[in-house]
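First to last, the protein sequences are chains A and B. For the first sequence, numbering that gives the first Met the number 0 puts the final residue at 352, and the numbers step up evenly by one. For the second sequence, numbering that gives the first Met the number 0 puts the final residue at 292, and the numbers step up evenly by one.
A hint or two may mislead.
[What the hints assert, rightly or not] Selected chain A positions facing chain B (in silico; Cβ < 7 Å):
1. C82
2. R164
3. E200
4. Q217
5. S218
6. S240
7. S260
8. G321
9. P322
10. T325
Note that these hints are calculated values from the structure, not bench results. Note that CB positions come from ideal geometry on N, CA and C, so glycine has one too.
Now for the letters of each chain:
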Amino acid sequence: MINGSIKLLSSIFGLTLIFAAAGSTPAQETPKPAPTAKPTMPLPGKPFPKIIPTPKVFARVGPSGVTEKSIAVDGRVNVTIPCITQGDVKINGWERDEVRVFIKGGSPVSFGVKQKSQKSDKPVWIWLSSFSKEGDMPAVRSDCIWGDEIQIDAPMGAEITMKGRETNTVVDSVRKATVTSAGGDLSFRNITEGVSAKTYEGDLLVENSQGPMSLETQSGNIVAFGAAPGDVGDTFRAKTSGGTISLQKLEYRQTEANSISGSVFFDGSILGGGSYTFNTTNGSIRLSIPSDTACFVNATYGPGGLNSDLPLKATNVDVSPGPVKTIRGTLGTGGDAVVKLTTNSGTILIRKQ
Amino acid sequence: MNTKCYDIGIIQAFLDGELASDLAAKVTNHVAACDACALALADAEEGSAVVFAALEREFNTLVPTQRLWNRINDSIAVEKQQTSLFGKVWAFLTANLGGPSFAVAASVLVVFGIFAAVWGLKAPQQISNVPAVAVNAPSIADIPTPVVNPASQDKQFAAKPTLATSRMSDTVAEVRKNSRREYQVINAVQPVAPKAVVNNAGYLPGEESYVKTIASLSQSVSDQKDTIMRPSERVSYERDMAVVNDSIKRMRDEVRKNPKNESAKQVLYSSYQNKIDLLNSVAQKEELVASLK
Numbered sequence: 000m001i002n003g004s005i006k007l008l009s010s011i012f013g014l015t016l017i018f019a020a021a022g023s024t025p026a027q028e029t030p031k032p033a034p035t036a037k038p039t040m041p042l043p044g045k046p047f048p049k050i051i052p053t054p055k056v057f058a059r060v061g062p063s064g065v066t067e068k069s070i071a072v073d074g075r076v077n078v079t080i081p082c083i084t085q086g087d088v089k090i091n092g093w094e095r096d097e098v099r100v101f102i103k104g105g106s107p108v109s110f111g112v113k114q115k116s117q118k119s120d121k122p123v124w125i126w127l128s129s130f131s132k133e134g135d136m137p138a139v140r141s142d143c144i145w146g147d148e149i150q151i152d153a154p155m156g157a158e159i160t161m162k163g164r165e166t167n168t169v170v171d172s173v174r175k176a177t178v179t180s181a182g183g184d185l186s187f188r189n190i191t192e193g194v195s196a197k198t199y200e201g202d203l204l205v206e207n208s209q210g211p212m213s214l215e216t217q218s219g220n221i222v223a224f225g226a227a228p229g230d231v232g233d234t235f236r237a238k239t240s241g242g243t244i245s246l247q248k249l250e251y252r253q254t255e256a257n258s259i260s261g262s263v264f265f266d267g268s269i270l271g272g273g274s275y276t277f278n279t280t281n282g283s284i285r286l287s288i289p290s291d292t293a294c295f296v297n298a299t300y301g302p303g304g305l306n307s308d309l310p311l312k313a314t315n316v317d318v319s320p321g322p323v324k325t326i327r328g329t330l331g332t333g334g335d336a337v338v339k340l341t342t343n344s345g346t347i348l349i350r351k352q
Numbered sequence: 000m001n002t003k004c005y006d007i008g009i010i011q012a013f014l015d016g017e018l019a020s021d022l023a024a025k026v027t028n029h030v031a032a033c034d035a036c037a038l039a040l041a042d043a044e045e046g047s048a049v050v051f052a053a054l055e056r057e058f059n060t061l062v063p064t065q066r067l068w069n070r071i072n073d074s075i076a077v078e079k080q081q082t083s084l085f086g087k088v089w090a091f092l093t094a095n096l097g098g099p100s101f102a103v104a105a106s107v108l109v110v111f112g113i114f115a116a117v118w119g120l121k122a123p124q125q126i127s128n129v130p131a132v133a134v135n136a137p138s139i140a141d142i143p144t145p146v147v148n149p150a151s152q153d154k155q156f157a158a159k160p161t162l163a164t165s166r167m168s169d170t171v172a173e174v175r176k177n178s179r180r181e182y183q184v185i186n187a188v189q190p191v192a193p194k195a196v197v198n199n200a201g202y203l204p205g206e207e208s209y210v211k212t213i214a215s216l217s218q219s220v221s222d223q224k225d226t227i228m229r230p231s232e233r234v235s236y237e238r239d240m241a242v243v244n245d246s247i248k249r250m251r252d253e254v255r256k257n258p259k260n261e262s263a264k265q266v267l268y269s270s271y272q273n274k275i276d277l278l279n280s281v282a283q284k285e286e287l288v289a290s291l292k
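Build out the structure end to end from the sequences listed, making use of the hints.
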């Protein structure tokens, strides 16, 4: 009797161990930590792991709402994210022809292939949404994805198009980025072929990027550092209603900055043949330019006045009593660059670098 | 019984039925009792029979009565009133074209009309060469719209008051003291010239389109502001709107005082555009949020 009970308990214990071992298997598939923002570089002598060149989607779902998916794509893929309702979004370029999405604490995600390359048969346009028809995902009838943390890795030649609602977004090392957000900060680094960004409440930062720039925020600041045109004729345009615009080391010949109740700062060079327009209604304008700058200046200002460290040879002065005064003149030898400065109630300062 | 015989005139009138009824009754009674009058009546009947036989063809002709004539005339009058002008002209032509004199006159008129038309086609080319100094209102191309850059058109606006000023300066030179007073004098002497600067509604050229655009946008946005904007965003929006409104007011006052101030005009139009952009941002944000649901 006792032996029988012992045998029964032993068998139950053994079965329990077997089931426990089987149950622990999915836990080993917990997604790996997301890659860093820097592009992944191969170590010396260690090539990248082989990427399966098919549009097959690899998906893993963790036990705590963690989703990770990847898909092989063309190197110049267009990644469209039609809707992100909330979350910290990091979009990184890497040297793989693959798009990987990692969402922590949020919605599922699925890829929709809109177009494939005729040469490589790889997707050149993919669409990210939370709608899924796969067996391992709950079907969600919405395009919007969300999460505490959303990381997307895409080829460096990728073009990102995204719309967000409440998202703090960082885009790094991709070819082109078009981001619109109802609220949240937007940052762009190392973009090679241009940025078009708009947020209705948040700051905008562009750093070390090339191509045409169109930056607009409703109530935030705009900072651009080290931006340059990618092609001849590329323009830089920044517009904010209630924030400050700070531009440093820009190399655009066509630059326009417009604010309503903020100030405009420009620290850089006035290039020959360029057209620079800085407007503000209720702020100051400060230019910090080299002492050998040659350009034509058209300054319109109010009670704040105009103060220049560089000799401004006035050719047309209208400082009669009134809310608006105008000075037209040249800096240095004149040249063919035109700088237009307009402020209603602020001060215009021209400083030497 | 009346013994007195009736004369032949009354008997003849009796035959013709022209007597009054009471007299006709008396004649009838008298003829029944008086042989002479009966004979006279018989003679008159014979004479009438001869006359009626001779005039039978004339008497059998259908002659309309006076009532019928009246009805016909009334119908003609009503028809004339209802006839259209073209109908009258057509009726006149059809009634008169048959006449050779009218045909000749019409031919002369047609030839004259052709010459007049050819001459008229040449005339506008000569008019277009005249400098458009005296144009009172700006052309459509001169009027800035909220979607174009108004700064590029300010030069065109400025040209007209300057021309008007130069024209009037000869006549009012002794009156003017400074530019503002000069403009006021021009206003008083020739109210046509200032229309190029300020129209009847008090707007600058192109300003009205900005104002209308802003009015329509404000109306559509007024309900959206409370729902689409968070408090901090709303505060920023209202602050920026106040700044823009203040700028518009100051620049409008300045332009009214000194219409030649091109810088003030530029700032004014720029401020209008800023206000439109501000209002647009509310609508655009609502569209964006709606698309993200």
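Which of the listed hints are broken here?
-> No hint contradicted; all consistent.
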